Structures are given as C-alpha cells and as structure tokens.
Amino acid sequence: MDNTRRRVLKGASAAGAVFAVYATGALRPSDALAVTWNKSAFDAKSTIDALKALNMASATDSKDIVIRAPDIAENGAVVPIDITSNIPGTQSISIFVEKNPFPYVGTFDTTKGAEPYVHVRLKVGTSSPIRVVVAANGKFYQAVKDVKVTIGGCGG
Amino acid sequence: MGDPMKIRARMKGDVAEVRVLMGHPMETGLRKGGDGKMIPAHFIKEIRAELNGKVVFEAAISQAISRNPLFAFKVKGAKAGDKISITWVDNKGDKRTDSVTVSG
Numbered sequence: 001m002d003n004t005r006r007r008v009l010k011g012a013s014a015a016g017a018v019f020a021v022y023a024t025g026a027l028r029p030s031d032a033l034a035v036t037w038n039k040s041a042f043d044a045k046s047t048i049d050a051l052k053a054l055n056m057a058s059a060t061d062s063k064d065i066v067i068r069a070p071d072i073a074e075n076g077a078v079v080p081i082d083i084t085s086n087i088p089g090t091q092s093i094s095i096f097v098e099k100n101p102f103p104y105v106g107t108f109d110t111t112k113g114a115e116p117y118v119h120v121r122l123k124v125g126t127s128s129p130i131r132v133v134v135a136a137n138g139k140f141y142q143a144v145k146d147v148k149v150t151i152g153g154c155g156g
Numbered sequence: 157m158g159d160p161m162k163i164r165a166r167m168k169g170d171v172a173e174v175r176v177l178m179g180h181p182m183e184t185g186l187r188k189g190g191d192g193k194m195i196p197a198h199f200i201k202e203i204r205a206e207l208n209g210k211v212v213f214e215a216a217i218s219q220a221i222s223r224n225p226l227f228a229f230k231v232k233g234a235k236a237g238d239k240i241s242i243t244w245v246d247n248k249g250d251k252r253t254d255s256v257t258v259s260g
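Chains D and W are the protein sequences, given in the same order. Under my numbering, the residue at position 109 of the first sequence is numbered 109, and the numbers go up by one with no gaps. Under my numbering, the residue at position 101 of the second sequence is numbered 257, and the numbers go up by one with no gaps.
Excised from the complex, chain D in its bound form (with noise of 0.2 Å):
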C-alpha cells in the first residue's frame, strides 16, 4: 500500500511540477506558443490590471488601429469584432471588453506570417467599451469601439 501510495503521489507531482514549469513558458516543449496564456493577466478584474500583467500600460491612442464591431449588440453572447492594425510592425492584437467580470479576452499574434487581422465573436455582458492593444515594434498603441448590448452575455 504504502509504494503504490508513494508512486501515486510521485507520479502526480511531477506531472504537476511539469504542468507548473510548462505554464510559466520556462519549459518549452515543440509545440508550445510564442504567445504566452497570462493567467495573471486573464484574472484581472479591470483592464489596467490586464494590461499591467502584460506590460501593456504605456499603450497610447492610436488613429490606425480599425475595429469594427455593432454599435448595438442585441445579443451579447455573440459580438463579431472584426479588428485591422495599420502600425508598421504590428506583432500581435489583444482585446480587452472593460466591463466584462474578466476584461482581457486575449492575443493574437501575428508576428510569423498573418496579416494584422482577426475577426473573432466575443461575450459581452452589459455594455461596454471595448479596447484593442496593438503591439508594434516593441511599443503599445490602443483605440477603443463602444459596444451597446440589449441582452447580456455572460449566460448567467
């Protein structure tokens, strides 16, 4: 009983030493991102939090960055954004809905042959400002889209 016990636990927190290592970008197995999952940054509660966590603060306003989105959504659980950086250099795009429970959405980077460009469908609770952060070049560039919702979308 007690080796089973012993090689249970040992299996499980070498998985799990593994998993820790892994989820800090230290260890970087083939088919791990260039693009890190920012837990610290995916748990902030407002989008100066988020964009703290990603060193993202110094972002300034930004006339080339296009974000199409509905001006009234009336169904917040499927917002279409559709997003287009026209900075030299854009390395990647990160959205943030500020008045979501969790405001940072995610990245997308577009450092290794993508245009700068996505479109993508997005939970909006109540309505919102929704902010876009362009990385280019090293620095960080934000232009931000209102979005109205009739109906909420965190399905709660």
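Simulated from the structure, these hints should not be mistaken for laboratory data. Treat each hint with caution, since some may be false.
A few chain D residues that face chain W, going by a derived Cβ cut-off under 7 Å, partial list only [stated by the list, open to error]:
{"no.": "1", "residue": "Phe108"}
{"no.": "2", "residue": "Val118"}
{"no.": "3", "residue": "Phe140"}
Here are the simulated lysine-lysine pairs, DSSO-like style, with alpha carbons at most 27 Å apart [as the list claims (entries may be wrong)]:
{"no.": "4", "chain 1": "W", "residue 1": "Lys201", "chain 2": "D", "residue 2": "Lys145"}
{"no.": "5", "chain 1": "W", "residue 1": "Lys210", "chain 2": "W", "residue 2": "Lys162"}
{"no.": "6", "chain 1": "W", "residue 1": "Lys232", "chain 2": "W", "residue 2": "Lys210"}
{"no.": "7", "chain 1": "D", "residue 1": "Lys52", "chain 2": "W", "residue 2": "Lys201"}
{"no.": "8", "chain 1": "D", "residue 1": "Lys99", "chain 2": "W", "residue 2": "Lys193"}
{"no.": "9", "chain 1": "D", "residue 1": "Lys139", "chain 2": "W", "residue 2": "Lys232"}
{"no.": "10", "chain 1": "D", "residue 1": "Lys39", "chain 2": "W", "residue 2": "Lys248"}
{"no.": "11", "chain 1": "D", "residue 1": "Lys39", "chain 2": "W", "residue 2": "Lys188"}
{"no.": "12", "chain 1": "D", "residue 1": "Lys63", "chain 2": "D", "residue 2": "Lys112"}
{"no.": "13", "chain 1": "W", "residue 1": "Lys232", "chain 2": "D", "residue 2": "Lys63"}
If you want the ones that stay clear, here's a sample from chain D, every Cβ over 12 Å from chain W, calculated [claimed, not checked]:
{"no.": "14", "residue": "Ile48"}
{"no.": "15", "residue": "Ser58"}
{"no.": "16", "residue": "Asp71"}
{"no.": "17", "residue": "Pro129"}
{"no.": "18", "residue": "Gly138"}
{"no.": "19", "residue": "Asp146"}
{"no.": "20", "residue": "Thr150"}
This structure is a prediction, so every number in the text was calculated from the model and none was measured. Even for Gly, the Cβ is constructed at its ideal location relative to N, Cα and C.
Starting from the known structure of chain D, fit chain W onto it as the hints suggest.
Same frame as chain D, now just chain W:
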C-alpha cells in the same frame, strides 16, 4: 474531441483569407446548470494555424470568446494548393487539429 472544424481558406490576391468555425462549449465556469451547480469552466485556451507545416498565426484566449468560436485571419505568402492546419488546445488539455487546402 468535438466536431471537425469548418475551415475555409481562399486566396485574395497574394493573401489567403482563412475562416474557421470551431465546435466548443467555451463554458465560462460562471453559469449554473439545471441542477443548481456551477458548470465547470471548459474553454479553448490556445490556437495555432500552420501553413504547409510552419506556424503563421497563434492566439492565447479566454472563455470570453463566444461558444463555437468563429475566427478569421489572413496569411501572407500562401498560394492555392497550400495546406492550412488549425489546432486548438483547451483548459482540460484536449486538442484538435483540422486541415484544409487553400482554394484559388
């Protein structure tokens, strides 16, 4: 797991316009089921797209992406006949890869 992705990749000039519909509940973990218990979070976290085996697009996303995620992106340097593969990985470690040929 899940249904095959529906992927469309079409050339427009020298750029492949790719549109993908993924089948996934994207459960936030903030919803109660019919039994009054919270439904656990279950959502795609990572996405990767490859052109002829080389990564061209990657994303780290949260459960705030809509159920059955629909994404579109554009790939430079592609041509008709090239292969686009898209992979997703979710918070349970499940993954799925589907591929399509770029049409002219």
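Structure-based check of each hint:
This hint holds: D:Phe108 has a C-beta 5 Å from the nearest C-beta of chain W, less than the 7 Å allowed. For D:Val118, the interface hint holds, the least distance from its beta-carbon to any beta-carbon of chain W being 6 Å, beneath 7 Å. Below 7 Å, beta-carbon pairs count as interface contacts, and D:Phe140 has none with chain W, the closest being about 17 Å; its hint is therefore violated. A threshold of 27 Å between alpha carbons decides the hint, and for W:Lys201 with D:Lys145 the separation of about 24 Å falls inside it, so the pair holds.
For the hint linking W:Lys210 to W:Lys162, the alpha-carbon distance of about 20 Å falls within 27 Å, and the restraint holds. As the CA atoms of W:Lys232 and W:Lys210 are separated by approximately 12 Å, the hinted pair is consistent with the 27 Å bound. With a C-alpha separation of about 21 Å, the suggested pair D:Lys52 and W:Lys201 falls inside the 27 Å cut-off, and the hint holds. With a C-alpha separation of about 25 Å, the suggested pair D:Lys99 and W:Lys193 falls inside the 27 Å cut-off, and the hint holds.
Taking the CA atoms of D:Lys139 and W:Lys232, the gap is about 23 Å. The hint holds against a cut of 27 Å. Of the supplied pair hints, the one linking D:Lys39 and W:Lys248 holds, its CA atoms being roughly 15 Å apart against a limit of 27 Å. At most 27 Å may separate the alpha-carbon atoms for a hinted pair to count; D:Lys39 and W:Lys188 meet this at roughly 24 Å. As the CA atoms of D:Lys63 and D:Lys112 are separated by approximately 24 Å, the hinted pair is consistent with the 27 Å bound.
Between W:Lys232 and D:Lys63 the alpha-carbon distance is near 24 Å, which keeps this suggested pair within the 27 Å criterion. No beta-carbon of chain W is positioned within 12 Å of the beta-carbon of D:Ile48; the least distance is around 17 Å. Every beta carbon of chain W lies more than 12 Å from that of D:Ser58, the smallest distance being close to 20 Å; the non-interface claim holds. No beta-carbon of chain W comes within 12 Å of the beta-carbon of D:Asp71; the shortest separation is about 19 Å.
Taking the minimum C-beta to C-beta distance to chain W, about 14 Å, the non-interface status of D:Pro129 holds against the 12 Å cut. Remark: the non-interface label on D:Gly138 is consistent with the geometry, its nearest Cβ contact in chain W lying 18 Å away (cut-off 12 Å). Distance check on D:Asp146: its Cβ is at least 17 Å (rounded) from any Cβ of chain W, clearing the 12 Å threshold; non-interface status holds. Even its closest Cβ contact with chain W, about 16 Å, leaves D:Thr150 beyond 12 Å, as expected for a residue assigned away from the interface.
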